[in-house]
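A.B. asks: Two chains, two frames, some hints: make the complex.
These are the residues of each chain, in order.
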Amino acid sequence: MNFPENLYYSKEHTWLKVEGEVGTIGITEFAQGELGEIVYVDMPNIGITYQQNAVFGSIEALKTVSDLFMPIHGKVLETNATLLKEPTLVNTDPFGAGWIMKVTILNLKELANLLSATDYTESIK
Amino acid sequence: MKIVLFSDVHANLYAFEKAMQSIDAQQPDAIYCLGDLVGYHIYPNEVINEVRKRGIATIAGNHDAKVAKLTPEKLAEGGKNYAYSLIGDSEKAYLATLPAHIRLEFKLKGQLLTVLLVHGSPTSNDEYLLADKDEAEFIDVFTHANADILCFGHSHKPYHRVLTNVVDGQANYLHAINTGSVGKPKDGNPQGGYVVLTINDNSSTTVKNSVAIEFIRFDYDVEQAAKDIEDSPLSNEFADMLRQAY
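If you read the protein sequences in the order shown, they are chains A and B.
Per the numbering used here, the very first residue in the first sequence carries number 1; after that it's consecutive.
Per the numbering used here, the very first residue in the second sequence carries number 1; after that it's consecutive.
A couple of the hints might just be wrong.
[Stated by the list, open to error] Derived lysine to aspartate or glutamate pairs resembling EDC-like cross-links, with alpha carbons at most 20 Å apart:
#1 A:75 with B:73
#2 A:63 with B:73
#3 B:157 with B:134
#4 A:85 with A:122
#5 A:63 with B:140
#6 B:18 with B:46
Source of the hints: derived by calculation from the structure; they are not laboratory data.
Bound conformation, chain B alone (with noise of 0.2 Å):
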């Protein structure tokens, strides 16, 4: 099955409906959306509206548990606050009760496959796992978590890891994947990207290229979502973010 992994949309929207248009193009079997679909930007509503209309299973990021926590005193501060009080009450109660992980456990062949989806990792949706995390400690992270496929979002830069976790003299291939950011991408190219895994019928932890990861990059109109942050009361510093991706 095709499966679309997107995730830091950020409440822009012109990036955000130019993903739903690539996504639709590749016919998936299922959209799953892992987090951060609201901050640094002025369309929440929007973006949640949609993703809520489409039916697309969605986690938890940490900007969408932090709005829950925000004092009244927070959101009138203005500033990165503004974002977020935009949000409207059904919205703010639809982040309020996103789960925290989404487990996909394929039965294929007689064996067990198990996809887990998180925003930044097991433990946490602030922890970061970046693309240079040491082996021994990434494969903890994978045997923690009982997972073999591990996708993710958070830092905004997309890759794809392959780890070998040698047991009993037996390879297994774990896949650590970044999503990448609709909305907000820091890997210096400002297209919005996402992910699509395909798993097969003889998809296997022991046969290393057994599992199709494809990144997708999309163009969007990058000076208008620039121009947008400009002429609200964010900071400035958002909009050069979008333009340089970092």
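Chain A with its partners taken away, still in its complex shape (with noise of 0.2 Å):
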């Protein structure tokens, strides 16, 4: 499995990639793999302010629900909505095409909660 060096990572599966003050957000690959067949992606309206680690979403595979964490502050930007149509493009490309959302960082401080590529390997093994 592969972990882009160029992305934050939480504990609870979720990388964001930080450019200026916007933030995209997906789940690893770790984390689809985990879940399995992806059915449906349950997004958050535009402009909601999430707190690091509140439940924005979740995510409905074919056996389980699983919530979806704020890796940090922001505000909602932009939900991916091919997700609606495409759910399985988290499964097959969770780094790109199966991105989330991108937030507003509201407190850019808050990336030292997050870990590296490398401590997020170290940390699912």
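C.D. replies: Following this line, the structure appears as structure tokens:
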């Protein structure tokens, strides 16, 4: 399993890509593998603000439902509407086309609470 | 007897009213609802109260079960949770006491035929039993649940699949029936849908086509239902999902 070096990772298996004040969020390759075939991604409305570690949505796989946790304090800018038609993009391309949402990051200091690719890889061993 | 099975109304009153008209015209002997009366639309109380008025036996879907777990903070969050914030106290109390399953046991010419009604699967209202499920795994689901005919919703994609389970050299035909959805179809056809299941005195697991299953689709005002979503705090994507049935 490969975890891109340029991303931040949470212990709850979300990744965060930071570009200025905009953060893109998805779930990791490990998480999608554990969940199995994804059937529905429940995403929040634009404009809602979530604290770091708050539940912002859920993912429905064939056999289970898993909450999605915010990697950082942020306000929802955009959600990936393509996932409503093609939820399995989260399985096939979790770090790319399977992204879940973009947020305005409201507290960049919280990046310190997240893991590097190396530390995340260690954490799932 | 003629049994109507419907599921996944999801607070879509426009679809529900048309479903009731269509179902009444069928003159069924029994009507069962397989859950998910609420979520995704703005008329949960109207739908619940009509279901109760009609005395339709209903099981709990994952959305119905979720209502009791939502905190005041989550309900106030808006977005998709707006759909649950509309539910009245009496309606919440009703949802909280819905059963997980309904089991119908027929004794036909001395032989037992068991119909199990669930929302997602016999073990979870969140689990999806999709049409392409592995045959052996699917048969296991029936065996563990002690069911000959398993009826469910949840995926909003209707199908009927006959599974052949050979026991001691005898073929037993098991029926997996997904009713589809009244108020939020996801099979590319925006019409609402439900199922008519007919059990005869000759119905048996050993006779392949001895159970009649008919999928009914009906028109309703999809555009008005979609506009009501757009005029509410719910995500406009839910409106698009109704128009295009995904």
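A.B. asks: Are the hints correct? Go through all of them and say.
C.D. replies: Going down the list of hints, with the structure as the test:
Of the supplied pair hints, the one linking residue 75 (chain A) and residue 73 (chain B) holds, its CA atoms being roughly 17 Å apart against a limit of 20 Å. Restraint check: the Cα-Cα separation between residue 63 (chain A) and residue 73 (chain B) comes to about 28 Å, which exceeds 20 Å; the hinted pair is violated. Between residue 157 (chain B) and residue 134 (chain B), the direct Cα distance comes to roughly 17 Å. Compliance with the 20 Å bound is thereby established for this hinted pair. For the given pair, residue 85 (chain A) sits about 34 Å from residue 122 (chain A) by alpha-carbon distance, which is inconsistent with the 20 Å threshold.
Proximity of residue 63 (chain A) to residue 140 (chain B) is assessed by CA-CA distance (about 15 Å); at most 20 Å being required, the pair is judged to hold. For the hint linking residue 18 (chain B) to residue 46 (chain B), the alpha-carbon distance of about 14 Å falls within 20 Å, and the restraint holds.
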